[in-house]
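**Q** Here is how the chains run, residue by residue.
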Amino acid sequence: MRSLAAGAIFCVALGALAAELPIFDAHLHYSHDAWDTVPPQEAIAILRKAGLKRALISSSGDDGQQRLYALAPDLVIPELRPYRSRGEISSWFRDESVIPYLEDRLKRHRYAGLGEFHLYGADADLPVPRRMVQLARQHKLFLHAHSDIDAIERLFRQWPEARILWAHSGFDRPEKVREMLRKHKNLWCDLAFRTDQARGGKVDPDWRAAFLEFPDRFMVGTDSFTPERWHYIGEHANWSRQWLADLPKDVSERIAWENGETLFGGLQAQ
Amino acid sequence: MELGERLFFEPRLSPSGKVLCATCHVPYRGWQDGRARAFGLAEADRNTQSLLNVRYQRWFGWDGAGDSLWAQSVRPMLDLREMGGSQAQAAALVRGDAELACRFEKVFGTPPPAADEAVLAGIGKALAAFQETLVSGRSPFDDFRDALSRGDFSSMKKYPEAAQRGLRIFVGRGNCSSCHVGPAFSNGEFHDTGVPFFIKGGADAGRHGGIRKLEANPFNLLGAYNDDRSGVSAIKTRQVDLQHRNFGEFKVPSLRNVAQTAPYMHNGSLATLAGVVRHYSEIDPDRLHSDGEALLKPLRLTTAESADLVAFLESLTETASALAPRRPSAACR
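In order, the protein sequences belong to chains S and Z. All residue numbers for the first sequence refer to our numbering, where the first residue is 1 and numbers rise by one. All residue numbers for the second sequence refer to our numbering, where the first residue is 1001 and numbers rise by one.
Since the hints were made in silico from the structure, they are not lab data. Don't be surprised by glycine CBs; every beta carbon is placed ideally from N, CA and C. Some hints here could point you the wrong way.
[Said to hold, decoys possible] The list that follows gives simulated cross-link-like pairs (lysine-lysine, DSBU-like), each with its CA atoms no further than 30 Å apart:
| no. | chain 1 | residue 1 | chain 2 | residue 2 |
| --- | --- | --- | --- | --- |
| 1 | S | Lys176 | S | Lys249 |
| 2 | S | Lys202 | S | Lys176 |
| 3 | S | Lys49 | S | Lys183 |
| 4 | Z | Lys1157 | Z | Lys1018 |
| 5 | S | Lys176 | S | Lys140 |
| 6 | S | Lys202 | S | Lys49 |
| 7 | Z | Lys1018 | Z | Lys1200 |
| 8 | S | Lys53 | Z | Lys1200 |
| 9 | Z | Lys1213 | Z | Lys1200 |
| 10 | Z | Lys1200 | S | Lys49 |
| 11 | S | Lys140 | S | Lys183 |
| 12 | Z | Lys1213 | S | Lys49 |
| 13 | S | Lys53 | S | Lys249 |
| 14 | S | Lys202 | Z | Lys1213 |
| 15 | Z | Lys1236 | S | Lys202 |
[Unchecked claim] Just some of the chain S residues that point at chain Z, by a computed CB distance under 8 Å:
| no. | residue |
| --- | --- |
| 16 | Trp35 |
| 17 | Thr37 |
| 18 | Pro39 |
| 19 | Gln41 |
| 20 | Arg86 |
| 21 | Phe193 |
| 22 | Thr195 |
| 23 | Thr226 |
[Unchecked claim] Here are some, though not all, of the chain S residues that point toward chain Z, as calculated from beta-carbon distances under 8 Å:
| no. | residue |
| --- | --- |
| 24 | Tyr69 |
| 25 | Gly87 |
| 26 | Arg199 |
| 27 | Glu228 |
| 28 | Arg229 |
| 29 | His231 |
| 30 | Tyr232 |
| 31 | His236 |
With the sequences and hints as input, model every part of the structure.
**A** So, in structure tokens, the structure goes:
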């Protein structure tokens, strides 16, 4: 009974934290198959109910997040994917028609970054990704790369001053992530679709070391890769608040929202 | 077991007096209901699974919210859309009915206790004891497998060639046996197989919600009602780990008697086995996370190959029931 009471107090405390800690969700998609099942008004309502301060959103094709941006420019930060449908995940980097698509969208809309795109190993040096990197440089955009270390290194070689948000922290081990962050000062990491950083609200020791060494380089994210996952955004935000509460307050706030706000919030100010 | 059988067919477990376990788990329908989604007092979100061979499962329900058959048996009694009962109402029934109270005392050694929760746990265990008797009979595939193992080519020839070709796909390029493995043709685990999981007002959280319910359930194997004092049975519950990928995952169903358990998938969205084969043949990999279900690729089966795979699946269905006929039991004394 005593442990139940203690648990209840803990839950109340977490609830209070949940109400207080804003979240910058750095990894959302609003792709074509979500537009009817989670209409834009409902999608924005989900984001607000989850207590998101802002959300970095891309979609396949790009019209999706533009609809959200039109409804909630205070909340939505648009990213441009090189995909017109999600089916292009494994073919876009050899598809030359991607480039005029990107150029056209960049003429018509404002974006914070290009991505999230999937790119591995030597494919990063193919002509289409190279031209995409040039476009990022020309328009001063972040690259949001779902990539292995090899591809990240190749992107930096193409553009040493690139600013890269490493999706899912490459699904790599925290020690490797730290190595990469030490090596590249313009590399940031999102933690989307990972659960290894914490269990039961307690941060893993290796990840804790990474967060404390680089408190300015991490962000959380849901990854709504199917439409149903829009209904997971609130759950994910609360789960994030729970494990972030296990970190020093200044670190948790940076990872929860300040890093995203610092890097991407400027788009709203323009 | 007899107490469990009586409770299984007991409409008074629902305050409505109209819904019993057998409303959805219909004996003559393969212990399921043939509906896309279960309907007790109202329509639920998921398909009713057959109870045949349920004793061999590790997690129970499409979301694995039950870590024991008896805990899972309690759940529908309390679900407002299924039986709509309560602990107090179920406990009062067992205490107040002389036949049930007598049988309860015979099984558990004491009369139904004062604590409603303890009585409900007993009801669940009795229901589980009955369900553990529900096993499927031999199928044409079993006969073929046994003939193969003893080198009996004459008997093997009785197994249809289409089913043999389907078996080759099942264990070969179809990769079906990666998950549908073992005697029950299920690994007992949870996967996202690209079936949409929207429900009214949101999404069915699947295994993610199941783990949340499991953790909160006073009847889980970590709780006071687990009869296993060694703690061994609770290891799986203690080790279960909530992951983002669990959202929208559902348990791999057994394929035993699959020809009798249409419609298919967690929400009954596919009416026929041919539809299920088509789903995997044309699966949309975009619905799966790029770092998720790596096994699932569109199989691109021809019409003939699809028919062969269906023939194999149908051959997993019993040719005769293994269950003894039900007989009325004598009154408890």
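**Q** Check each numbered hint from earlier against the structure, then list the numbers of those it violates in ascending order.
**A** 3, 4, 16, 18, 19, 24
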